[in-house]
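2 protein chains.
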Amino acid sequence: MKRKFFITLAIITSSIFIASAQNPTLETIFSRKSVRTYTDQPVSVEDLMMLVKAGMAAPTGMNRQPWEFFIIQDKALMASLADKIPYARMLKEAQAAIVVIGNPEKSIYWYLDCSAAAQNILLAAESIGLGAVWTAGYPFEDRMDIISKAVGIPKPFLPLCLIPIGYPKGEQIPKNKWDESKVHINKW
Amino acid sequence: MKRKFFITLAIITSSIFIASAQNPTLETIFSRKSVRTYTDQPVSVEDLMMLVKAGMAAPTGMNRQPWEFFIIQDKALMASLADKIPYARMLKEAQAAIVVIGNPEKSIYWYLDCSAAAQNILLAAESIGLGAVWTAGYPFEDRMDIISKAVGIPKPFLPLCLIPIGYPKGEQIPKNKWDESKVHINKW
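Residue numbers (the numbering used here), protein chains in the order written: chain W, 1216 to 1403; chain H, 1216 to 1403.
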C-alpha cells in the first residue's frame, strides 16, 4: 500500500516537472515583455555576462559576427543617458544596461545580426527573471550619436540599441500580438 | 526500508527534472544552429503555426507590428526557389519554409522588428526539435525580388528572410562564437 503510494508520488512529481518543463523556451518567448520599471535589487555582473553570451549565440550572415557588447553599470552614466535619449527615461531606475553595437565594416547588414543578438538578450533576461527593454539607437543618427559619445564607442562601431535591465517592479503582462490575418499559408 | 527507497526515488526523479529544466531557454539559445540538411519527416502545419506565433511575440518599435508571415509547404515552389536564390540550395531538402515579411509603410525600421521575429522562429524551431536557417532576402534587391515574385508578395511588403525548415539530418553542432574581447564593461 505504502509502496504504491510512493510510486504514485514519484510518477506525479515527475510528470509535474515534465509538464512545467514541456517547452520552457516557448514559454519564455510568449511571456517576454518590455519591462520599464525595476526594483532596487542589483543585477550581478555574472548575469550580465550570461546575457551577453546569449547575444553572441545568435546567427550572423556569413558568420561574420559583426558585433560588440557594452555593459553599463555606472548609475550616473545611465541617469545622464536617460535625460538625453528619447524614450529612455526608464534608464534612471535600471540597475544596468547592455548596448548592442555593430561593426559596419565587417558586415553591410550588421544591424540584422545585432537585432537577432538583442532578441537573444531579451529572452535570456526573461528566462532568469530579469526585465529588459529594447530602446533604439540605429537607425536614428541623433540617438546613435548620443549613445556613442556618452559611452565612448569608437569609430566605425554603431549602437543598434541600448537595453536597460533590472528586476521587474510590479506585475508586468506581455502584449498578445497574435493576429491570424498576418499568416499566409501557401498563398497570400 | 522500502518507503525510504521510494521517497529517495521521488526526490532523485524530481531533481533530475529540475536540473534538466534549470534553464532550458538558455540551453535552446546556446544549442541553436543553422540546420541545412533535413530528413524526409514532414513538418506539421500546427508546428509551423506555432513557429509563426513565436515570431509574432517579438517586440516591435512603437508596437507597430510591421510584419506578415508566409508559410510555404509546396515542394515544387521550394525547389524552384532553391535554384534561384543564392545560398538557398537547402530548400530542395526542406519540408517547409517561413518567409518573414515586413511592411515598410508601417515602420521605417521594420527589418529590425522582423529580425527579432525571425530569431524567435529559429529558437522556437530548435526548442521543438526542428532545424532551420536564416537565408537573406533584405537588404539584397535581387533576392527580395525573386522571393516576392515566386511567392506572390504584394507591394509594399518586403521579405526580410526565408527560413527553410525540417527535422535535422545527422549530427549538427552549434558554433561557439563566444569572444570575451568583444565585451566591454563600463569602459571600451
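Be careful, since some hints might not be right.
[Said to hold, decoys possible] The following residues of chain H were derived to be distant from chain W, with all beta-carbon distances above 12 angstroms:
hint	residue
1	Asp1255
2	Ala1339
3	Asn1401
[To be verified] Derived DSS-like pairs (lysine-lysine); straight-line CA-CA distance at most 30 angstroms:
hint	chain 1	residue 1	chain 2	residue 2
4	H	Lys1268	W	Lys1392
5	H	Lys1392	W	Lys1321
6	H	Lys1299	W	Lys1392
Derived from the structure by calculation, the hints contain no laboratory data. All C-beta atoms in this analysis are idealised placements derived from N, C-alpha and C, irrespective of residue type, glycine included.
Run the structure past the numbered hints and jot down the numbers of the failing ones, going up. Checked against the structure, the hints that fail are numbers 2, 3 and 6, while the rest are satisfied.
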